[in-house]
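Asks: Below are the chains, spelled out letter by letter.
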Amino acid sequence: MPQVAAYDSKIEGNIIFTQLDAAMNWMRKNSLWPMPMGLACCAIELMATAASRFDIARFGSEVMRFSPRQCDVMIVAGTVTYKMALAVKRIWEQMPEPKWCIAMGACASSGGMYRSYAVLQGIDQLIPVDVYISGCPPRPEALLEGLMRLQKKIEGEQSFLAQKPQLTADLVPEIKKRPPTRAYVRGVATAPGVKSNMR
Amino acid sequence: MTGPELLKSLSRLLGSKIQSQIEFRHETTFTIQPADLREVAKFCRDELSFDYLIDISSVDNLGEEPRFEVVYEVYSMTLAIHLRIKLAVSEEVCAVDTVSDIWPTADWHEREIYDMMGIRFNNHPDLRRILMWDGYPFFPLRKDFPLEGLPSEMPDVAFTSAAPMEGGPFVTQPSTATAKDREPRARRPEV
Numbered sequence: 005m006p007q008v009a010a011y012d013s014k015i016e017g018n019i020i021f022t023q024l025d026a027a028m029n030w031m032r033k034n035s036l037w038p039m040p041m042g043l044a045c046c047a048i049e050l051m052a053t054a055a056s057r058f059d060i061a062r063f064g065s066e067v068m069r070f071s072p073r074q075c076d077v078m079i080v081a082g083t084v085t086y087k088m089a090l091a092v093k094r095i096w097e098q099m100p101e102p103k104w105c106i107a108m109g110a111c112a113s114s115g116g117m118y119r120s121y122a123v124l125q126g127i128d129q130l131i132p133v134d135v136y137i138s139g140c141p142p143r144p145e146a147l148l149e150g151l152m153r154l155q156k157k158i159e160g161e162q163s164f165l166a167q168k169p170q171l172t173a174d175l176v177p178e179i180k181k182r183p184p185t186r187a188y189v190r191g192v193a194t195a196p197g198v199k200s201n202m203r
Numbered sequence: 004m005t006g007p008e009l010l011k012s013l014s015r016l017l018g019s020k021i022q023s024q025i026e027f028r029h030e031t032t033f034t035i036q037p038a039d040l041r042e043v044a045k046f047c048r049d050e051l052s053f054d055y056l057i058d059i060s061s062v063d064n065l066g067e068e069p070r071f072e073v074v075y076e077v078y079s080m081t082l083a084i085h086l087r088i089k090l091a092v093s094e095e096v097c098a099v100d101t102v103s104d105i106w107p108t109a110d111w112h113e114r115e116i117y118d119m120m121g122i123r124f125n126n127h128p129d130l131r132r133i134l135m136w137d138g139y140p141f142f143p144l145r146k147d148f149p150l151e152g153l154p155s156e157m158p159d160v161a162f163t164s165a166a167p168m169e170g171g172p173f174v175t176q177p178s179t180a181t182a183k184d185r186e187p188r189a190r191r192p193e194v
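Which chain is which? The protein sequence lines are W and F, in order. Per this note's numbering, residue 5 is the first one in the first sequence, and the count goes up by one each step. Per this note's numbering, residue 4 is the first one in the second sequence, and the count goes up by one each step.
Mixed in with the good hints, there may be bad ones.
What the hints assert, rightly or not - Derived contacts from chain W toward chain F, CB cut-off under 8 Å, selection only: (1) TRP37; (2) LEU90; (3) GLY115; (4) SER120; (5) TYR121.
None of these hints come from the bench; they were simulated from the model. None of the values given here were measured: they were computed from a predicted structure. All residues carry an ideal CB built from backbone N, CA and C; glycine is no exception.
Sequences are here, hints too, so could you generate the full structure?
Replies: Right, dumping it as structure tokens:
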């Protein structure tokens, strides 16, 4: 009977020691599946970003999912009218955690040029936004820059602590004593930048 | 009969129905009584070959009496002539007969006018709002409705709040300057 070695030099190169957070964040940031919330002309630039010249697949985000259950990042591209606002919020709520939001362009960030009775003055009045992209509409490069900023942001998150305590209590019993991090309460509490009239 | 001949003889054909007729840059506009609308519309379509209703629009002359105007743009495909029919609607009545059975395209035009200006259309088959949602309490294109909107709430449907006219990233200065100088500018940091 052959002896099973605890250390096998043949698989040495395939083992990496790292922190759990770093591993989780690395996987998350490189497979950000977008929810393309294309509402106006920004959606055209969003499509251009996905097409071959700019190729959002280089950042692992080529899988535009039209089902919110499979999405990680909602890209709000365009003017959010009040008629559409609660539908956007509903789709956001259907996305599973962890989730992020990019407000693409002037309209999604602040209402843009539409100081109007019909237009929501920034999607951050309804859902928490991680990255705002200026421009009307922004160039595809700007969206890619925003995506890279979001990746940088995900790198720094405390993903393990952000898990629900009941999921991680077996691994780390003392985790129950830790207060939930911001990522855990994302979308529930008022994050910085979320206005008080959030519904 | 050719198109120009028809337009010249309109006042004879429609007779007393026409209150006033205006000719401006080869466009003919005449005003009628709201009560005569359906009769005039039927006559225009069936006898004068105005088979195409281009648009219906409404005007709010706030402070004047009657307050509203409804404008019908009709066109004849066969004679290639255009005609504009106007009628005045007072705020107390605030209703016009529908022409959606004469020109079916009027259905959504009339719904839009009802939605934006609050003028009702008698006997319309489906007079619901078309752009705003059912339950929105205002008529946004009326002159007394503020540009920034008014707060409203329809639970689970939509809400609105007044948009900030100042404090945003762009500002517009009200003035009589030309459009080039009036357009929104990026706010200067010190302002």
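Asks: Tell me the numbers of any earlier hints that the structure contravenes, in ascending order.
Replies: 1
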